[in-house]
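Given the structure of chain A, go ahead and fit chain R onto it with the hints provided.
Here the protein sequences come in this chain order: A and R.
Under our numbering, think of the first position of the first sequence as 1, with each following residue one higher.
Under our numbering, think of the first position of the second sequence as 1, with each following residue one higher.
Hints are computed from structural coordinates only; laboratory data are not their basis.
Treat the hints with care, as some may be off.
[Unchecked claim] In silico contact screen, one side only, chain A against chain R (beta carbon under 10 angstroms); selected entries: (1) E9; (2) P21; (3) I25; (4) A27; (5) S165; (6) I178; (7) E214; (8) E218; (9) Q219; (10) G296.
Predicted, not measured: the structure shown is a model, and the values here were computed from it.
Just so you know, even glycine gets a beta-carbon here, dropped at the ideal spot from N, CA and C.
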Amino acid sequence: MKYTAPTKEGYFGKFGGKFVPEILIPALEELEAAYEETLDDPVFQKEYHDLLREYVGRPTKLTYANRLTDHYGKAKIYFKREDLCHTGAHKINNAIGQLLLARKMGKSRIIAETGAGQHGVATATACAKFGFDCVIYMGAEDMERQKLNVERMRLLGAEVRGVHSGSKTLKDATNEAIRDWVTNVENTFYIIGSVVGPHPYPMMTRNFHRVIGEETGEQIRKSEGRDPDYLIACVGGGSNAIGFFYPFIENDMVKMIGVEAAGLGADTDQTAATITKGVPGVLHGSLSYLLQSEEGQIQLAHSVSAGLDYPGIGPEHAHLHDSKRVHYYGVTDEEAMNAVKLVSEKEGIIPAIETAHALAFLEKLMPTTQKDEIVAVNFSGRGDKDMKTISDWFA
Amino acid sequence: MNNHNGRITSLFTNRDKHDKVMSLFITAGYPNLEDTVDLVLGFEANGAELIELGMPFSDPLADGPTIQEASNVSIQNGITIPKIFDMVKQIREKSEIPIILMGYINPVLKYGVKKFCEEASKCGVDGLIIPDAPLEESAILSKAASNNNLNMIYLVAPNSTDERMRRVDEESSGFVYCVSVTGVTGAREGNEVADSVSMFIDRVNKNVTQNPKLVGFGIKNHQDAQVISKKLDGFIVGSALIDTIKSNYPNNGWQENVFQFVKELKYGNI
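One chain only, chain R, in its complex shape:
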């Protein structure tokens, strides 16, 4: 019935488990409203297979300084939910890459949950991640989402109990987002992520059995990504990507440098 139902699921079907899915997070409207569509298409051309488009919020309390700043810039640029929908439409004219909208619940509530889900689905969005609507509060969203064939992606964290992980697996569709460390979003120094994460991933694999699993938070390069996602289906990079944009923009050829970073994230230095 819905022509984009299952884009996320197809990504993980019949896949070589050594070939990790790379999902990239970019704040919609950063660094400029008109950059988002080109960036997403460029990410895809350089190895990204899943896109998380951040919907900026004035008070992003689960985010570190990088995404806070990108959100502020985007709000200053005049980002709105209809403009984000429009970006998705433009991407859909050229690409079938699965797109997830990720953001805080307040702007969605203000827009109207039902209207939001209907319009998101219509313009080609595949799923939602709303970090401040955990299972306890997701009832208002999940019904509208499933009515519109949107996947609901929930998170598990290192301090989630086994029972909680099983519940998240039960309620999620598309994939389960594994937060590798307790803390806010942001690239981590040294081996902080890799060292602490392996016991957590073993627990995830024991308890999350129905959905594919992507790991995020703190991943900054190819090496990190390969080590952390070794026993999972893929990885998510956000802050390190935005940091790369920030350090290159608006120099000549900034986009090429960003795409080079994306390519190296996926394939290493080649």
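Excised from the complex, chain A in its bound form:
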């Protein structure tokens, strides 16, 4: 089926939109126009793809996980190795793309929010490479649990501003970044790290990550002669998942699974399982599923993974859920941590805790698969940044 979302108003089905203060409307219009221009600009596209190849290290590999495949004894498992991207996760695809756009628009100052620190590191990296001033907003709690990434951002020349309001995590860092943007809108470009925020961000960020799914398709068709039967990716805001899924969306034979962080369990109040537990509402500029109270106040999410610890989800995922094109499930902290261990031991690759949520879902999926089927997991990031959390967990 032909898939054309979003509309020109920025709607994916009934989700999305531009729920922002008046001050940001001109900025979004300017951004939209500049972004549209880049789509047909061969110079821009060439520079972006050259950077992905020569600086980010694309295409990333598609690795056959033979021992994990043997472990389950069912379908063949492949990993799309976004952990091999420069800086250790997929986030850099988008950071580079948006930075080139900022330069084209003549903005001199870059701001970003970060949860796990991967988007912050990617943005700080791109700013260093192009000589831009860079301010990263990060929740105080996340700065504690992702110390290594804070040090990396500082070494790269970024200013990391700790956010002490609310839950001191990604949600609050995003609020603070938006406040900075509202204040410095004339000279500042806000590089949003996920497929969230007002239109055109969810569309633009998706398109900067679609290279993940496009490469996966080429690679798997080369090794297996066909598309995979299943795609699995973890979902916080949902950028790695949408980049992985999007190029396959019109192929109905490919089943897609988004894995949310259920924290202590989707039936507890210590969870980040937004689709499983949320109801539609507006946060950070778009309408999507949200964890919220009866009164419409945003609730605090919980996940052992800082990158998934967010009470919202990208509007396109909300739409893909409602239209049943993608199925979403929750995985608990404990299941994810067990997957960190299993995959490290079986495949010699230490996954980010975010990625481990996707890997943990194999426990549920694999018994239902056949030997002649193919499962591709988006290996969104590497686990070095999580070593403290991982060793504390297993201590």
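Positioned in the frame of chain A, the structure of chain R alone reads:
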């Protein structure tokens, strides 16, 4: 048909244009749930002619630290939309001052837009300001609002184009809210506001011709207010008022000190 239709409009009708309308913003439920009604009545007694009652939201991304903190305190106090409606009813028993509810769209969506507008109107609310529902997203609200005789007040900002200002004027009723500086809410240091604002106000006057115009964001005293609103119909003060409450509460006579501040905002040191 509706007995409170037009309270805002009447305020600006046949008015001496040198007498600026003072609108005050207070977060409902701050510093306590039971203070709001008394504060509003006291504001009116000391020169306020329009009240913006803030509906707290957990993630107020257009607000600076002052209103963020007041919102948090109020949420901790247990504020809800029905409690805010109840406050308006109590104010209406004693006063005809125009009341606008100002807040973010999510709690309104959760409550149900239609139900929200019906009940707001019934208890005596005159208008709505929802900063994160700009013209692009206001269709869901504006119909229910106009069905219930609620004015929809939209904002213009220094970076709004002339064309945008004309559209805002077209869609607004009651008045147009002029945001004096790019940024979040909050009192500004020195003359930061007054210096940058005059070109913007000239553009507003050229493009916004159907509605009265009030200016807000960053105004902290009588002097600021007079200078900034000179060519407009009035001014709005929020954060500076809440800062004054914060620095006086809960000392003895805190309310009197706050009302004194309000009086000076309107009339200067007399």
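Does the CB of E214 (chain A) sit less than 10 angstroms away from some CB of chain R?
violated (32 angstroms)
Holds or violated: E218 (chain A) as interface residue toward chain R, Cβ cutoff 10 angstroms?
violated (38 angstroms)
Should the interface hint for I25 (chain A) be scored as holding, given a Cβ-Cβ cut-off of 10 angstroms against chain R?
At 6 angstroms from the nearest chain R Cβ, I25 (chain A) passes the 10 angstroms test, so the hint holds.
Using Cβ atoms only, decide whether Q219 (chain A) comes closer than 10 angstroms to chain R, and label the hint accordingly.
Hint violated; Q219 (chain A) Cβ to chain R Cβ min 40 angstroms, cut 10 angstroms.
Does S165 (chain A) hold up as a contact with chain R if the rule is Cβ-Cβ below 10 angstroms?
holds (7 angstroms)
Does P21 (chain A) pass the interface hint, meaning its C-beta sits closer than 10 angstroms to a C-beta of chain R?
holds (4 angstroms)
Verify the interface restraint on E9 (chain A): the C-beta must sit less than 10 angstroms from at least one C-beta of chain R.
Holds: closest Cβ of chain R sits about 7 angstroms from E9 (chain A), inside 10 angstroms.
Tell me if G296 (chain A) is really an interface residue toward chain R, meaning its C-beta lies closer than 10 angstroms to one of theirs.
Nearest chain R Cβ about 3 angstroms off; hint holds.
At a threshold of 10 angstroms, is the proposed contact between A27 (chain A) and chain R supported by beta-carbon distances?
Holds, about 8 angstroms.
Hold the hint about I178 (chain A) up to the distance rule: shortest CB distance to chain R must be less than 10 angstroms.
Holds - the Cβ of I178 (chain A) comes within 10 angstroms of chain R, reaching about 5 angstroms at its closest.
Violated hints, listed in ascending order, are 7, 8 and 9; each of the other numbered hints is respected by the structure.
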